[in-house]
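> Turn these sequences into a full structure, and let the hints guide you.
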Amino acid sequence: MSGNELEQHGMFGVTQGGDTTGFDGLLREPWLPPAAERPYGGYFDELVDALQAAYPGFDAAVSAILVDRGELTLHVEREHLLGIAGALRNDPSLRFELCSSVSGVDYLGAARRLHAVYHLTSMTYRRRIRLEVAMSVEDPHVASVTQLYPTADWQERETYDMFGIIFDGHPALTRILMPDDWDGFPQRKDYPLGGIPVQYKGATIPPPDERRAYK
Amino acid sequence: MTEHYAPSRPTTEGRIYNLTGGDWDQFLDSDAMSEERLVLNMGPQHPSTHGVLRLVLELEGETVTDARVVVGYLHTGIEKNTEFRTWTQAVTFLTRADYLSPFFNETAYCLGVERLLGVEVPARAQLIRVLMMEINRLSSHWVWLATGGMELGALTAMTNGFRARERCLDIFEMITGLRMNHAYIRPGGIAQDLPDGYDEKIRHWIQEMRQELHGVDMLLRGQPIWVNRLKDVGWIGVEGCIALGITGPLLRAAGLPWDLRKTEPYLGYETFDFEVPTDDRGDCWSRFVVRVAEMWESLKIVEQVLDRLEPGPTMIDDPKIAWPAKLSLGPDGMGNSLEHVQHIMGASMESLIHHFKLVTEGFRVPPGQVYSAVESPRGELGAHIVSDGGTRPYRIHFREPSFINLQGTAAMSIGGMVADVIASVASIDPVMGGCDR
Numbered sequence: 000m001s002g003n004e005l006e007q008h009g010m011f012g013v014t015q016g017g018d019t020t021g022f023d024g025l026l027r028e029p030w031l032p033p034a035a036e037r038p039y040g041g042y043f044d045e046l047v048d049a050l051q052a053a054y055p056g057f058d059a060a061v062s063a064i065l066v067d068r069g070e071l072t073l074h075v076e077r078e079h080l081l082g083i084a085g086a087l088r089n090d091p092s093l094r095f096e097l098c099s100s101v102s103g104v105d106y107l108g109a110a111r112r113l114h115a116v117y118h119l120t121s122m123t124y125r126r127r128i129r130l131e132v133a134m135s136v137e138d139p140h141v142a143s144v145t146q147l148y149p150t151a152d153w154q155e156r157e158t159y160d161m162f163g164i165i166f167d168g169h170p171a172l173t174r175i176l177m178p179d180d181w182d183g184f185p186q187r188k189d190y191p192l193g194g195i196p197v198q199y200k201g202a203t204i205p206p207p208d209e210r211r212a213y214k
Numbered sequence: 000m001t002e003h004y005a006p007s008r009p010t011t012e013g014r015i016y017n018l019t020g021g022d023w024d025q026f027l028d029s030d031a032m033s034e035e036r037l038v039l040n041m042g043p044q045h046p047s048t049h050g051v052l053r054l055v056l057e058l059e060g061e062t063v064t065d066a067r068v069v070v071g072y073l074h075t076g077i078e079k080n081t082e083f084r085t086w087t088q089a090v091t092f093l094t095r096a097d098y099l100s101p102f103f104n105e106t107a108y109c110l111g112v113e114r115l116l117g118v119e120v121p122a123r124a125q126l127i128r129v130l131m132m133e134i135n136r137l138s139s140h141w142v143w144l145a146t147g148g149m150e151l152g153a154l155t156a157m158t159n160g161f162r163a164r165e166r167c168l169d170i171f172e173m174i175t176g177l178r179m180n181h182a183y184i185r186p187g188g189i190a191q192d193l194p195d196g197y198d199e200k201i202r203h204w205i206q207e208m209r210q211e212l213h214g215v216d217m218l219l220r221g222q223p224i225w226v227n228r229l230k231d232v233g234w235i236g237v238e239g240c241i242a243l244g245i246t247g248p249l250l251r252a253a254g255l256p257w258d259l260r261k262t263e264p265y266l267g268y269e270t271f272d273f274e275v276p277t278d279d280r281g282d283c284w285s286r287f288v289v290r291v292a293e294m295w296e297s298l299k300i301v302e303q304v305l306d307r308l309e310p311g312p313t314m315i316d317d318p319k320i321a322w323p324a325k326l327s328l329g330p331d332g333m334g335n336s337l338e339h340v341q342h343i344m345g346a347s348m349e350s351l352i353h354h355f356k357l358v359t360e361g362f363r364v365p366p367g368q369v370y371s372a373v374e375s376p377r378g379e380l381g382a383h384i385v386s387d388g389g390t391r392p393y394r395i396h397f398r399e400p401s402f403i404n405l406q407g408t409a410a411m412s413i414g415g416m417v418a419d420v421i422a423s424v425a426s427i428d429p430v431m432g433g434c435d436r
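Those protein sequences? They're chains A and B, same order as listed. Heads up, the first sequence is in numbering that gives the first Met the number 0, so the first residue is 0 and it goes up one at a time. Heads up, the second sequence is in numbering that gives the first Met the number 0, so the first residue is 0 and it goes up one at a time.
Calculated directly from the structure, the hints in this document are not laboratory data. Keep in mind that a hint or two might mislead.
In silico DSS-like links for lysine-lysine, alpha-carbon gap of 30 Å or less [claimed, not checked]:
id, chain 1, residue 1, chain 2, residue 2
1, A, 188, B, 200
2, A, 188, B, 299
3, B, 261, B, 230
4, B, 261, B, 200
5, B, 230, B, 299
6, B, 319, B, 261
From a predicted model like this one, the values you see are computed outputs, not experimental measurements.
Written out as structure tokens, the structure reads:
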């Protein structure tokens with residue numbers, strides 16, 4: 000992500016509904032956590048050193064290292080995801096054996112707006128790390144980590160279901176929470192809340208975000 | 000072959016019969032059963048599948064050769080909805096996700112928001128959060144015992160379990176005004192302080208729970224049917240648990256003492272004296288043993304909280320964040336206190352503006368993202384929260400232990416008997432409201 004991809008209007012950054020402050024015209028600078036500088040603090044230095052040693056292509060693979068609110072985030076280029084995740088899981092000095100969570104975030108407005116977010120946990124060292132892979136809507140492909148972490152199976156299906164991120168190599172990438180024939184990816188930011196009008200006793204109720212309170 | 004009542008159709012894999020309950024006798028007498036490949040659909044409306052869970056089992060005789068789990072029947076878009084509400088209103092949605100452990104949903108979320116805000120809630124609010132969560136752990140485990148017992152035919156376990164859970168809900172009702180869906184824990188603290196006489200009532204409740212727990216021991220622990228239905232059934236080991244992401248009582252029943260209250264303490268759990276029960280069999284029996292032992296440990300924590308509670312604020316002292324309302328019990332139920340309304344409506348224009356802005360617009364959370372995890376009755380409950388600096392969450396994702404743990408169903412049931420699938424699913428203790436969100 001670069002400079003003005005996440006620009007925000009208004010005083011309170013309200014993007015989904017009316018800005019009740021009356022400051023809609025204000026243009027706020029986008030915020031990204033500044034790239035972290037060494038020392039990162041805590042166990043982060045040791046962890047990054049170990050990962051650099053375990054994965055030779057580290058510099059090409061990791062586009063940003065962010066430390067924010069006591070959490071370490073690595074922005075990983077997608078072709079290196081399996082390599083980085085494999086090193087994190089298998090290297091004896093890293094041992095991230097548990098994949099706690101896989102999910103997505105849609106940063107609408109950014110060029111590579113879809114982010115797949117992985118939270119890995121090292122039970123041996125009691126450490127956590129977050130990996131983020133950015134991709135565009137036109138080319139929403141990333142390698143599946145199910146061969147490393149079988150638990151990612153359903154979580155990648157959910158992320159596909161909600162964001163349309165396609166996990167290449169997943170054993171059966173189908174919708175899981177939405178009906179099989181659903182159209183669209185509901186958690187994307189340009190997908191309206193509710194999405195479809197609700198019919199009740201002959202009257203049609205518009206999707207919630209098209210009702211007055213959210214306009 | 001005679002024409003069956005059950006409709007059938009030819010496919011590339013042979014003729015497929017769709018059977019429902021009444022057709023079995025007629026079908027079994029026919030020659031259609033010569034091919035011993037039976038696909039059995041269970042659910043989503045089935046008394047033994049723990050809510051709207053659907054199992055598709057492939058059977059050879061009574062043996063399960065393949066098991067698939069279908070979820071999503073209770074998807075309500077909670078995560079999407081929160082993006083359209085203020086940070087405080089989001090609690091109201093999230094508490095409904097896993098409806099048997101509402102306080103854990105609320106706490107995981109609020110701890111994340113507070114880390115984004117960079118604030119810490121007062122000591123009394125922290126203690127009350129611990130108190131509510133541990134009572135909730137008991138109420139949740141009681142439902143596991145009740146529904147699990149019912150599914151295995153132990154109906155007294157069900158009546159006893161729900162009776163004990165009612166006692167827990169009475170405590171919730173006394174403190175929050177609601178038996179479920181509390182929205183009691185808010186970013187910055189809790190909605191209101193404990194009511195008068197709480198100490199006596201909760202201590203009385205502890206005595207009741209001890210009796211109920213002894214009742215479980217008397218009723219079930221040596222009961223041969225219960226033991227035979229659970230022992231050596233639904234096995235999964237530590238490696239399998241970690242590969243499939245299974246945490247909570249299932250992981251501890253396989254032998255790994257992984258409990259976030261000990262390994263990554265939050266809300267001062269490191270200062271409490273309690274054990275993390277484990278067992279080493281990794282079967283349904285171990286999960287029963289571990290969960291019952293956990294309930295005893297939770298009672299210990301509740302007692303310690305009661306001993307430590309001291310008067311003090313229950314909401315953060317920051318007027319930019321703290322919810323401005325003061326609640327009190329009126330003739331028409333719980334609502335804004337009359338004095339507070341008189342103050343903002345009659346005495347102070349600034350208070351009224353402040354109240355209005357904070358309630359309608361909400362507070363701003365600095366941009367960033369956090370992952371905050373708590374140990375829920377079902378395992379690691381994580382909240383991944385992203386803020387863009389606005390008054391509404393940009394994205395909330397719940398790492399739901401029910402959702403993740405259900406992936407273990409196939410590993411636990413394939414190769415076993417159909418009847419053991421029921422025991423296995425019951426021992427996972429999935430809550431579909433949490434699983435599907």
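> Tell me, which hint numbers fail for this structure?
1, 2, 6
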